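Q: Add chain H with the ligands to chain P, keeping to what the hints say.
Listed below are the residues making up each chain.
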Amino acid sequence: MKFSVKAWSTSKGNPAARTGVFQLGNCPQIETPALLLSTRKGLPHFISPDLLPSLPLPDSSLLHVSPLHFMEGISSKTISSIGGLHKMLGLHDFGLAAVARDSIQCLPESSASNKLGASFETPCGRLLIKPAEYMGIISSLRPNLWATLADEVPAWVSKKRNKNSVDRTVKWLDECVALSPAGGVAFGAIVGGSDVEERRRCAQEVVKRNVSGYWIGGFGFGESTDERPALLSAVTGVAAGIDLFDSSYIYHLTIGGFALTFPLDNKTYASDLKLTGMGIDQTKINLKATVYRKDATPIVESCSCYTCQNHTKAYINHLLNVHEMLAQILLEIHNTHHYLGFFRSIREAIKEGRFEKFREMFVEKRRNHLAEVAVCA
Amino acid sequence: MALRFEVLGRFNRARAARLTLPHFVCQTPLFMPVGTQGTIKGLTTNQLEDIGCQIILGNTYHLALRPTSELIDELGGLHKFMNWPRAMLTDSGGFQMVSLLHLADITEKGVTFQFKPTNVTVPFYIRIVRLRGQMFGFIFLVQSPVDGKPMLLTPEESIQIQNRIGADIIMALDDVVKTTITGPRIEEAMYRTLRWIDRCIAAHKKPNEQNLFGIVQGGLDPVLRDICVRGLVERNLPGYAIGGLAGGEDKDSFWRVVAQCTALLPEDKPRYVMGVGYPLDIVVCSALGADLYDCVYPTRTARFGTALIPEGVLKLKHKAMAEDTRPIDPTCSCMVCKNYTRAYIHCLVTKDAMGSQLLSYHNLHYMLQLSRDLHSSIIEERFPDFVRGFLQKMFPKGDVPEWVCNAMEVAGIKISSCCAPFLFSHDSELEKDAPTKKFDDNETAFDDKYTPINKFDEVAFDNKYSGKNFDDKYTSTKYFDEVAFSNKNNTKQEL
Ligand SMILES: [Zn+2]
Ligand SMILES: [Zn+2]
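So the protein lines, in turn, are chains P and H. For the first sequence, this note's numbering gives the first residue as 1, with consecutive numbering after it. For the second sequence, this note's numbering gives the first residue as 1001, with consecutive numbering after it.
Keep in mind the hints are simulated off the structure, nothing from the lab. These numbers come from a predicted model, not from an experiment. Some hints could be false.
[Claimed, not checked] Which bits of chain H does chain P cover? Going by a derived footprint, with three or more residues having C-beta under 8 Å, they are: (1) 1048-1061; (2) 1065-1071; (3) 1320-1326; (4) 1409-1420.
Here a beta-carbon is modelled for each residue, glycine too, at the ideal position from N, C-alpha and C.
So that you can see chain P by itself, here it is in the shape it has in the complex (with noise of 0.2 Å):
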């Protein structure tokens, strides 16, 4: 892994969002902040992997994996003399960053983690993963980029509770680079739930460790939903100096039949803030609505996507009523694109010195999201 900052952007004179490139693997070269897609099992959920290169590159180059999707149906034992997840996976040049849980189906249970290990609901069950059966996985997986096993809870646990999840997460942390294989990159998990002491004690027993990145954990799950809209986390995430982040956000809204339109570049941006109060949300539009029945132009008329240059709306609107899985393809094919849009004008903001004022813009404007990001770094 080969990780530099290049450019700074300052609050009140402090360091805080930066930009910087990024290497993992055999995966090209990237700019920071930058997006790990979500997976199911490794590949996107509906975008098969002759779809992929249609998407912008190097930008949709870093993958989310997580480990748990392989707890059922294939063995440890198999993946690895497949060879590891990129050969598995037929992605030889991504990136690949395997965190525990997904943020959709496998989420931490905190009620049920032990000393032993973390526990975490999935499609199959509930399951307790101690850091030794982890990095059991790890190691037949092989990915670019692993977080250590966290104990995370969710934002209203007791005081003691939240000090339990930090001992055990640094406790684990230990245990898992011990178990580490040659070659991936650790990054140590940083837990604390909302309680800054807690958090801050975690990120000093992390950073002694010899690990190369942190991930922070104990987001996405607990919160309600509108105290974490989205955008708005991204950017609030990339102000505090995040680089990467994973994201549910594209998952949730190509299954609710959503599609971003918000516009990338800043100067519609400033010329759109005018138009406040229509009462609508500008940033995504809810195709399965019968107005678009008969709208034959794409989601977004200047997007580059497989999607908005192939279909129009109306027929999105048809998939949706119908039920069929082209749906859920075509606009996960949008979201991402554009999504991925949105990290590329954070950079430019922060390259050419005007974040903060980007970062304001959203504050203001975008408050009314549903679905959640959880940050890592």
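A: Chain H with the ligands in isolation, oriented as in the chain P frame:
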């Protein structure tokens, strides 16, 4: 007539041809994937072009309900609506009506139901409003689930809808009866089909842009089939379909009907065997001189976790697949086989959308590769070798079913080198249905043609994905219950 059909090569009855349609120049023999609702489930149009798909099928009945033929027309036709640049065929819509309504006796006086209206298992969204017999046919009146308005299907209406949809090939409305039914109903359906063809021809407003195919009916009765073929050929249509097959009849009757019809149909017109899609059936029918095929089998079976391979089928759900690090088919050049192991696909199938996407891709690739192999082996004058190679792979023990042997004799293809004589003679009753059994798993217990195909598909999709991977919001409970209910009932009847 808006097509050109040029035979480029032959072996006895088999032919390889170039079929020039308004939107695409196709090579036959050719399999046509079924895209019921304006999409082939789980594939983009781009991917369809990548795997060499030349023509796809749309279902008039479903498209007429949603998004409606008027809307498709307004937006420039189905090609434009779904952005499919190549050729397209639409069925008449009659088949779905009949199969969904489970009609029994239709007399000249009127229609009598097999069930009293209250007992009718109303499949999915169909509500029977009224049904009336007429001198020249009958009228279906069913209620549309979308706006509650009755939907009328007559030969005129079917053609008008298909004119609006705009496919390269459109099908005449025929009176479909199960082949397993015998007696006067078969004869009646055949004559009705012949009467309706004139109403279809008269109603067809775009003969220079769309090709109307007539459908040969007549059940398993050679005399009725003969009358029907001759009647249709007199009308000099651009192409002909052999209908009423793939409905659970025994395989020996099946190939004999195909052989009879292909012998009687004109040499210079395309011949389409409706609803046929097992690879073995396609090879046999092609050897007998048929050109076009359609079936939901490759994509539907994919969603149930089954892959088509030269040896037959591979059930990826099977436990043994979990440790199998080979590709689905090592001889296949598709994107899936080049990149994925059976073990990984095993881990996806029937649980994740991607499992059915990847398997559908492979299965359609297999069918289109088979089409290309049939075409090129005929052109390159090695068709008998191709057929023998195909049979050897599928029946390595030499247990080629007797009906295939009989059909090959008529096709003039020597396959004795593929057969182990004592093997297939000792139990001919069992062997006769071998291919069907071979393909059989839970889902093919329902027969392809008479299960309300698309509804069944949706049930499979919904069961698999709505509950787990999709939000509850994605499919309303009410909708889901209705589908599940109708599926259960249809299953019972079809079994
Ligand atoms: Zn787009
Ligand atoms: Zn393949």
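Q: For this structure, which hints from the list above don't hold up?
A: 1, 4
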